[in-house]
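Could you build the full structure based on these sequences and the hints that come with them?
So the chains spell out like this:
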Amino acid sequence: MARIPTATLLALVALVLFLVLPVVTASWVAADFGIYFAYAVFAVSLGFLWGHAGMLSFGHAVYFGIGAYAMSVVTLGMVPGLPDLKSTWIGLVAAVIIPGLVAAVLGWFLFASRALRGAFLGIVTLALSVLAERLAINADWLGGMNGLMSVPPINLGLNGEGADLYDTIPVYYVMLAVLAVVVAGMTWIQHRPFGLALAAVRENELRAATLGHNVARLKIGALAVAGALAGLSGALFVVQFGFASPSLIGFALSADVLIWVALGGRDFLVAAALGAIVVRTLESRLSNALGATWPLAIGALFMVSVVLFPRGVFGELITRLDRLRHRRRTRRA
Amino acid sequence: MPDASPFLAVENLTKAFGGVRAVDSVSFTLAANEMRCVIGPNGCGKTTLFNLLTGYLPPTSGSIHFEGADIPGRPLYEIARAGIIRKFQVPSVFPGLTVDENLRIALAGKANPGKVGTGFPSGFAKREGRAERIHILERVRLDRHRHDVAGTLSHGQKQWLELALVLAGSPRLMLLDEPAAGMTRAEKQETIRLIRSVHDESGISALVIEHDMDFVEALECEVMVMMLGRVVASGSYAAMRDDPMVREAYLGNGHTGGGHG
Ligand SMILES: Nc1ncnc2c1ncn2[C@@H]1O[C@H](COP(=O)(O)OP(=O)(O)OP(=O)(O)O)[C@@H](O)[C@H]1O
Ligand SMILES: [Mg+2]
Numbered sequence: 001m002a003r004i005p006t007a008t009l010l011a012l013v014a015l016v017l018f019l020v021l022p023v024v025t026a027s028w029v030a031a032d033f034g035i036y037f038a039y040a041v042f043a044v045s046l047g048f049l050w051g052h053a054g055m056l057s058f059g060h061a062v063y064f065g066i067g068a069y070a071m072s073v074v075t076l077g078m079v080p081g082l083p084d085l086k087s088t089w090i091g092l093v094a095a096v097i098i099p100g101l102v103a104a105v106l107g108w109f110l111f112a113s114r115a116l117r118g119a120f121l122g123i124v125t126l127a128l129s130v131l132a133e134r135l136a137i138n139a140d141w142l143g144g145m146n147g148l149m150s151v152p153p154i155n156l157g158l159n160g161e162g163a164d165l166y167d168t169i170p171v172y173y174v175m176l177a178v179l180a181v182v183v184a185g186m187t188w189i190q191h192r193p194f195g196l197a198l199a200a201v202r203e204n205e206l207r208a209a210t211l212g213h214n215v216a217r218l219k220i221g222a223l224a225v226a227g228a229l230a231g232l233s234g235a236l237f238v239v240q241f242g243f244a245s246p247s248l249i250g251f252a253l254s255a256d257v258l259i260w261v262a263l264g265g266r267d268f269l270v271a272a273a274l275g276a277i278v279v280r281t282l283e284s285r286l287s288n289a290l291g292a293t294w295p296l297a298i299g300a301l302f303m304v305s306v307v308l309f310p311r312g313v314f315g316e317l318i319t320r321l322d323r324l325r326h327r328r329r330t331r332r333a
Numbered sequence: 001m002p003d004a005s006p007f008l009a010v011e012n013l014t015k016a017f018g019g020v021r022a023v024d025s026v027s028f029t030l031a032a033n034e035m036r037c038v039i040g041p042n043g044c045g046k047t048t049l050f051n052l053l054t055g056y057l058p059p060t061s062g063s064i065h066f067e068g069a070d071i072p073g074r075p076l077y078e079i080a081r082a083g084i085i086r087k088f089q090v091p092s093v094f095p096g097l098t099v100d101e102n103l104r105i106a107l108a109g110k111a112n113p114g115k116v117g118t119g120f121p122s123g124f125a126k127r128e129g130r131a132e133r134i135h136i137l138e139r140v141r142l143d144r145h146r147h148d149v150a151g152t153l154s155h156g157q158k159q160w161l162e163l164a165l166v167l168a169g170s171p172r173l174m175l176l177d178e179p180a181a182g183m184t185r186a187e188k189q190e191t192i193r194l195i196r197s198v199h200d201e202s203g204i205s206a207l208v209i210e211h212d213m214d215f216v217e218a219l220e221c222e223v224m225v226m227m228l229g230r231v232v233a234s235g236s237y238a239a240m241r242d243d244p245m246v247r248e249a250y251l252g253n254g255h256t257g258g259g260h261g
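As given, the protein sequences belong to chains A and B, one line each in that order. Its first residue numbered 1, the first sequence is counted upward by one per residue in the working numbering. Its first residue numbered 1, the second sequence is counted upward by one per residue in the working numbering.
Treat the hints with caution; some may be incorrect.
Sample of chain A residues facing chain B (criterion: CB under 8 angstroms; computed from the structure) [said to hold, decoys possible]:
hint: 1; residue: 193
hint: 2; residue: 197
hint: 3; residue: 199
hint: 4; residue: 203
hint: 5; residue: 207
hint: 6; residue: 209
hint: 7; residue: 210
hint: 8; residue: 211
hint: 9; residue: 215
hint: 10; residue: 291
hint: 11; residue: 292
These stretches of chain B come out as covered by chain A in the derived footprint (C-beta under 8 angstroms, 3 or more residues) [unchecked claim]:
hint: 12; stretch: 66-77
hint: 13; stretch: 80-87
hint: 14; stretch: 173-183
Facing chain B, according to a computed beta carbon distance under 10 angstroms, are these residues of chain A, among others [to be verified]:
hint: 15; residue: 202
hint: 16; residue: 208
hint: 17; residue: 214
What the hints contain is simulated information worked out from the structure, not anything from laboratory work. Don't be surprised by glycine CBs; every beta carbon is placed ideally from N, CA and C.
Written out as structure tokens, the structure reads:
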């Protein structure tokens, strides 16, 4: 008999809570959460790549940053040769396709001709993020060190001439809707043949190959999907934040997203998403109180949680609830 | 290429690990629809032979032709899609996934003839239907464990799941490395029946590595004997059983059959 997976139940509970949150809190809370939802999409992207496909990336902000810059360049009318182009929608497409392609090309270099595995991928992606940050700092046409300011919000018109989506509450619900669709869609992909084949690659890549799976192509596909999704999250971020800077592309944010996913739980996409939201929430509440010692606090929190809950806080919660539900079922039977 | 190229042709196949020739100038052919047992003492190179046939290891020298096509040098997944599907000596199913997911993975990756360079995403075979999965699981008696996580199965059940993965892979040539190792007597009988019925019904060719001489006898197929990397004899089970060299190989090893690797 089919039953609703525990992770799905948790996702539904969280969705209901987030649906009522703006009703019961001040509007600046909702403004913060709109941005956290963009970060959560970013965390889902890494959760898919790392937790589901088993490919650890230390430079995941590269795709986030490219997405943010792509959206900014388009909506600011900075596309070379196309000064009239200001469409949010074209920006969104660029923010998905460009980082997706970058990730695919990287994957092709890494996997097409050799079986690069384990730590190598981490090291290469780490180097890439450092390199990309330097490139962004030195790119004058992208504002260099200062980045791009006054990035417009989402514009509902075809080419930037329609209404701006600026008010906190609508933006909040749009971001929540995107996050919900992303979690549902990526969970669906996990259970499609492509997603299952990636799980097989994660569990035992040689075995997957001896069953006829083209492991290199699967890995390139996983990187492309994760890159595209991270790019989307970067675009969602920048239309709210209004400012794209080299720090969005670099190592620091790459490390942040790793922490969110590890803390939340990499085995479940919803756990990764909640990890991002919870850490960001704690950060904004505690950084006022703790000031400069905040990084120490998050570092300590990270280490304690990794020791106590190696599968992440929400990963552990889902696993335990699952066991409980299973036991009750078998007792009833 | 001559029209009558054998189904599987192995010529002078050698694999050396340092000084050890684990497989040493092995030559044989296997006809389509033929099943053959490969026997020999521990460490004589049986598994290494399978590693060469599946592209797991590159040969030091020699050739392998499967339906006329060269095998060495091709990527693992291409060899699998050509129809050479293997059961590992140590069960290596996907432990964190359910039995059903294991099967879906095997079905999605299976031989996909007529498509060059298939893969993501259009190359996935459409036939990963539920009915087919249930049918395969019924054959290996795992239908009641369809939603169990593979890592929680017993050893014998994992062996059967390995067999199920092979069947789901639509093999043209099955390579079964000790399919009954570690099984109870009853489970062994069941396994023999399963392998025989798969072979008899669909005429899939097979090489079966086995230590247990009763098992080999019950499979009722030709036998190929390996020693120190070489094929030293082949023929019917009865002929092999009475061959003095084979007796010495087994008895001289203190190996009277019924053991495992
Ligand atoms: N990857 C490897 N590297 C080095 N030596 C190896 C490797 N694989 C096998 N060997 C050696 O090759 C020889 C043959 O091993 P193989 O596993 O093929 O034997 P086997 O006939 O399958 O034995 P068993 O009945 O115990 O399974 C052994 O001496 C083994 O130690
Ligand atoms: Mg062996």
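Hint by hint, here is what the structure shows:
no., hint, verdict
1, 193, "holds (4 angstroms)"
2, 197, "holds (6 angstroms)"
3, 199, "holds (6 angstroms)"
4, 203, "holds (4 angstroms)"
5, 207, "holds (5 angstroms)"
6, 209, "holds (4 angstroms)"
7, 210, "holds (5 angstroms)"
8, 211, "holds (4 angstroms)"
9, 215, "holds (7 angstroms)"
10, 291, "violated (43 angstroms)"
11, 292, "violated (42 angstroms)"
12, 66-77, "holds (count 3)"
13, 80-87, "holds (count 4)"
14, 173-183, "violated (count 0)"
15, 202, "holds (8 angstroms)"
16, 208, "holds (7 angstroms)"
17, 214, "holds (4 angstroms)"
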